[in-house]
Amino acid sequence: MPPIANPEILEQTAEDTALDLPWNVVVHNDPINLMSYVTMVFQRVFQYSKERATKHMLEVHQKGRSIVWSGTKEKAELYVQQLHSHLLLSTLEKTS
Amino acid sequence: MKPPRKRREVPAGLTLTGLESFVVQLLRHIPECADPGDDRLANARLFSPPTRKPDAKLQHDWSQYVQPELRTLFESARDTVSGDLSRMRPEIASGAVELAANAGGETTFRLVIPAKHFDAWLNALNQARLAIAAKYHLDESDITNPSPLPFANERDYRLFQVDFYGYLQERILLRLEESAS
Numbered sequence: 001m002p003p004i005a006n007p008e009i010l011e012q013t014a015e016d017t018a019l020d021l022p023w024n025v026v027v028h029n030d031p032i033n034l035m036s037y038v039t040m041v042f043q044r045v046f047q048y049s050k051e052r053a054t055k056h057m058l059e060v061h062q063k064g065r066s067i068v069w070s071g072t073k074e075k076a077e078l079y080v081q082q083l084h085s086h087l088l089l090s091t092l093e094k095t096s
Numbered sequence: 001m002k003p004p005r006k007r008r009e010v011p012a013g014l015t016l017t018g019l020e021s022f023v024v025q026l027l028r029h030i031p032e033c034a035d036p037g038d039d040r041l042a043n044a045r046l047f048s049p050p051t052r053k054p055d056a057k058l059q060h061d062w063s064q065y066v067q068p069e070l071r072t073l074f075e076s077a078r079d080t081v082s083g084d085l086s087r088m089r090p091e092i093a094s095g096a097v098e099l100a101a102n103a104g105g106e107t108t109f110r111l112v113i114p115a116k117h118f119d120a121w122l123n124a125l126n127q128a129r130l131a132i133a134a135k136y137h138l139d140e141s142d143i144t145n146p147s148p149l150p151f152a153n154e155r156d157y158r159l160f161q162v163d164f165y166g167y168l169q170e171r172i173l174l175r176l177e178e179s180a181s
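Note that the protein sequences, when read in sequence, are chains A and B.
According to my numbering, the residues represented by the first sequence are 1 to 96, in order.
According to my numbering, the residues represented by the second sequence are 1 to 181, in order.
It should be emphasised that the hints constitute simulated quantities derived from the structure, not laboratory data.
Do not take every clue at face value.
Computed list of lysine-lysine pairs in PhoX-like fashion (alpha-carbon distance at most 25 angstroms, straight line) [stated by the list, open to error]:
id, chain 1, residue 1, chain 2, residue 2
1, A, Lys94, B, Lys57
2, A, Lys75, A, Lys94
3, B, Lys57, A, Lys73
4, B, Lys53, A, Lys75
5, A, Lys55, A, Lys75
6, A, Lys55, A, Lys94
7, A, Lys75, B, Lys57
8, A, Lys73, B, Lys53
9, B, Lys116, A, Lys50
10, A, Lys55, A, Lys73
11, A, Lys50, A, Lys75
12, A, Lys73, A, Lys94
13, B, Lys53, A, Lys63
14, A, Lys63, A, Lys94
15, A, Lys63, A, Lys50
16, A, Lys94, B, Lys53
Nothing here was measured: the structure is a model prediction, and the numbers come from that model.
So here's chain A without its partners, still in its complex pose (with noise of 0.2 angstroms):
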């Protein structure tokens, strides 16, 4: 029979918080999107309000980048496909 104290679990309790740590949804600027269509995808795909996804916009344009939303893996997955579907440059990226 394996000893009761093994370190794996350890490890393995580190890895599972991990895991649990949201997801961001990261816009990036690109220069040819029309920046009133960015802020349309915005409110269409997030339910943002005109201000919010405004403010998003120009951070984006701005800052170069903006996190758009965060949370679990999976519903980030989705919104990078609906961003994409919208062909605006989107991509995940694990908070650290």
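Mind docking chain B on chain A? Use the hints.
For chain B alone, kept in the frame of chain A given last:
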């Protein structure tokens, strides 16, 4: 008692009239320009990776399951636009067209974009703008400067094309916004 829900207005379609042959040509090129074909740069832009960090499983799943869906969606948008463009008609009756042609006058065209096709148009126009920009290396400085007229080379023409398609996108977005307010 629940308050009455405000019914979202169905936007009116967009009708473009007085289109001269140069503009008609630009419009007819949308589906062709939007199709990335085998162009590496255009494909890389239209089908961008889902992450900037190496993640072999995610990249594999993305190319296996998501990209084919995106490809189908983009093709469908191009098909819708092609259909509307095929219904673009001269603005005057056929007899008058002949007279105008004989007199050296130019026949103008009329294009109707039904409201239910707005999303497809926005998508196809965006595909075309992004694919052209990728193929011809158009960057931020090109886009923010006005298109050079007359065109000195093909790049100038492509820049004008990107501007013109952007103008059309703006018109559609404005119509959508009017209907939402």
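> Which of the listed hints are broken here?
Replying inline: none
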